[in-house]
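Add chain B to chain A, keeping to what the hints say.
Residue numbers (numbering that gives the first Met the number 0), protein chains in the order written: chain A, 0 to 389; chain B, 0 to 389.
Since the hints were derived computationally from the structure, they do not count as laboratory data.
Fair warning: this is a prediction, and the values are worked out from it, not measured in the lab.
Nothing false has been slipped in among the hints.
Simulated pairs of lysine-lysine, DSS-like, Cα-Cα distance not exceeding 25 Å:
(1) Lys134/A - Lys221/A
(2) Lys134/B - Lys57/B
(3) Lys97/B - Lys221/A
(4) Lys134/B - Lys221/B
(5) Lys221/B - Lys221/A
(6) Lys152/B - Lys122/B
(7) Lys340/B - Lys292/B
(8) Lys134/A - Lys221/B
(9) Lys134/B - Lys221/A
(10) Lys373/B - Lys292/B
(11) Lys221/B - Lys97/A
Which residues of chain A face chain B? A partial, calculated answer using Cβ under 8 Å:
(12) Arg7
(13) Ile30
(14) Arg102
(15) Gln223
(16) His246
(17) Ala248
Here are the simulated distance ranges between beta carbons:
(18) Ser1/A - Ala385/B: 31 to 39 Å
(19) Pro19/A - Gln241/B: 28 to 36 Å
(20) Pro35/B - Lys373/A: 26 to 34 Å
(21) Lys221/A - Ala389/B: 51 to 59 Å
(22) Glu238/A - Ala316/B: 16 to 24 Å
(23) Gly312/B - Glu238/A: 28 to 36 Å
(24) Asn352/B - Glu238/A: 33 to 41 Å
(25) Ala124/A - Ala316/B: 54 to 62 Å
(26) Tyr387/A - Ser220/B: 53 to 61 Å
(27) Gly237/B - Gly339/A: 16 to 24 Å
Each residue gets a CB set at the ideal place from its N, CA and C atoms; glycine is no exception.
Protein chains: 2
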Amino acid sequence: MSFHPPERTLMGPGPSDVNPRITEALARPTIGHLDPEFIRLMDETRDLLQYAFQTENKLTLPISAPGSAGMEACFVNLIEPGDTVIVCQNGVFGGRMKENVERCGATAVMVEDDWGTTIDVDKLASTISENPQAKAIAFVHAETSTGVKSDAKTICRLANQAGMLSIMDTVTGLAGIDVSIDDWGVDAAYSGTQKCLSCVPGISPVTFSQRAQELIQNRSSKVQSWFLDMNLIMGYWGEGTQRAYHHTAPVNAIYALHEALTILQTEGLENSWARHQRNHNALKAGLEAMNLKLIVAENDRLPQLNAVAVPDGIDEAQVRSDLLNQFSLEIGAGLGALAGKVWRIGLMGYSSNPTNVRLCLQAFESALIAQGAKLPLGDAIAAANALYAA
Amino acid sequence: MSFHPPERTLMGPGPSDVNPRITEALARPTIGHLDPEFIRLMDETRDLLQYAFQTENKLTLPISAPGSAGMEACFVNLIEPGDTVIVCQNGVFGGRMKENVERCGATAVMVEDDWGTTIDVDKLASTISENPQAKAIAFVHAETSTGVKSDAKTICRLANQAGMLSIMDTVTGLAGIDVSIDDWGVDAAYSGTQKCLSCVPGISPVTFSQRAQELIQNRSSKVQSWFLDMNLIMGYWGEGTQRAYHHTAPVNAIYALHEALTILQTEGLENSWARHQRNHNALKAGLEAMNLKLIVAENDRLPQLNAVAVPDGIDEAQVRSDLLNQFSLEIGAGLGALAGKVWRIGLMGYSSNPTNVRLCLQAFESALIAQGAKLPLGDAIAAANALYAA
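Extracted from the complex, chain A is given alone in its bound form (with noise of 0.2 Å):
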């Protein structure tokens, strides 16, 4: 039998809300990976994603497959046996990175630091300079587990300083804060589709600088998958119009991912990030006029995920299942460390919008007041409003 999908709000750590104009897209007529109408959109989809990513780098391009295996090819295609790799972690996504490295066959030096805080910058610079043959430093721009943005520039400058790539995982942060791979000098980064960019999940947006493009073309060992190798992905996503068939592309996914850049870049960047923030304030105030906190300081919030500190005496899981039941409203879990510990509200794209804002907010209010808690009612709308009035 047909499926048919219950209508939710997404306001989860992803997917976000897909704009109707993405699953319109979407559903439009398969044609050949290989037809030349399709090879134009490949090449407007790169032109698209730079702007995205504020690159001009040749290598942008996306992967036929989720964020996880855009992380993979960014490790598979620049890191060989023997390697060793400076991996900042504050979350979950920062594990993940290390198992990349170790599954290369590359030693992975660990740079931790608290879930919910932000990559200690001064620790990562010692920790360079105890580790000079490093060929790499990872790290996560936008924690998807805690809600934390960390200082990708600052981060990618040391790299550079120390003649080191840089890897950044931005699958939560593009289109949602500042992604500036030129200016920052990022050597590779990736980012998913089902974020900020309201896109169907399935596709990863990778970028590669000149450096990393040269170093895998000119690799000693070939890279272990042959999925993701670069060196092939290149001669099908590359330039001119003859391709090499490497795999089928997943032609319905990219029409969506092209109406979601082209959304994006209708509306513009800066507005998109000043769109986030103002959901986000207004989000704030009236989760604060709740009595309830954010986990993260202030300056290292991300305005698009917001980790919410579970208070005593509340039943997480079944806050999550009263929005679900009785608001279809979807939330995020706390995940790793965070696990029962925080809800994770996301603003994220076609999601962060005023409406979202205000039913998050009742329906929060609402099961808080069905565990008994006591709460100063209908605050939460009013001082979201005033931060929309203002």
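For chain B alone, kept in the frame of chain A given last:
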């Protein structure tokens, strides 16, 4: 600017025409990858895949990436450094298997047959005797590059007798011809969505036998790909309502696959195979009426993929270009050893119907006459119609 693809008829080696029911399902509202309703859909999708593969293998699921990632999932999970794998090659995809084996740090012992011929099982049997240390035999059931079907049942029997695993590529086979995983004793198989399932490209159904699953769970080394590590993926696609987050599933693509499999179940496997055979017979009759020849011996032909020899004096690329520009009809070129020598005409899934057969014959007639071929005008369609009337 939004991209509006041209309306094509897709009769190449895939993607095939997508059933509109499937694009409609694809565009339904996105829900979370941990939503209870999505988990229910995952369970149903696994059941439907078990039906399509004719297996009771618990470890049957869609990999969140195209067929070449499905191939890689089979190799990186089952093969470890130092292993030997016997690889049968009679087209492009056997060569890709060799690449995968070598990138796992293993040795590939090749059994090579001419492109366009079936795998020689006697030669394979000799190679097995000479290489008793081999861990697995890898082969392509349905060679998309040549239109050849190989004797999967016999190959798997040889593997089982020798105590070796069997790894089967049936990207183009599934739903077009009999694929009997349990009856044949296949240990690992992968397919694609964009062939005889008529779904959008981007997902790869895979299935692993109990023996293969145990081997994966008891590996001595970690799987080199984090993204494709079945030990981790099992935690998400496994049983029960609690699923461990691994990566964000391509939610909408799973809606589409579920719909494609529902359509297949409604039609019935045997009816689907019979339909593919009937349309192949009609196409063949029409092609022969134009003096065009299929390159594969009759018993070894895939009904869903027809490799047609380019006659002397005909410009192969010009014919494809005429078909695309004058009829908006896509067919495939030859690959590798067959580049420039054949056209590949797909009759896969939703594309396998009398209207497409007639369109293709008419378009070929027109393109060949444009190049001065002297053809018995009108006979091709009549020949096809006679087959349908029979």
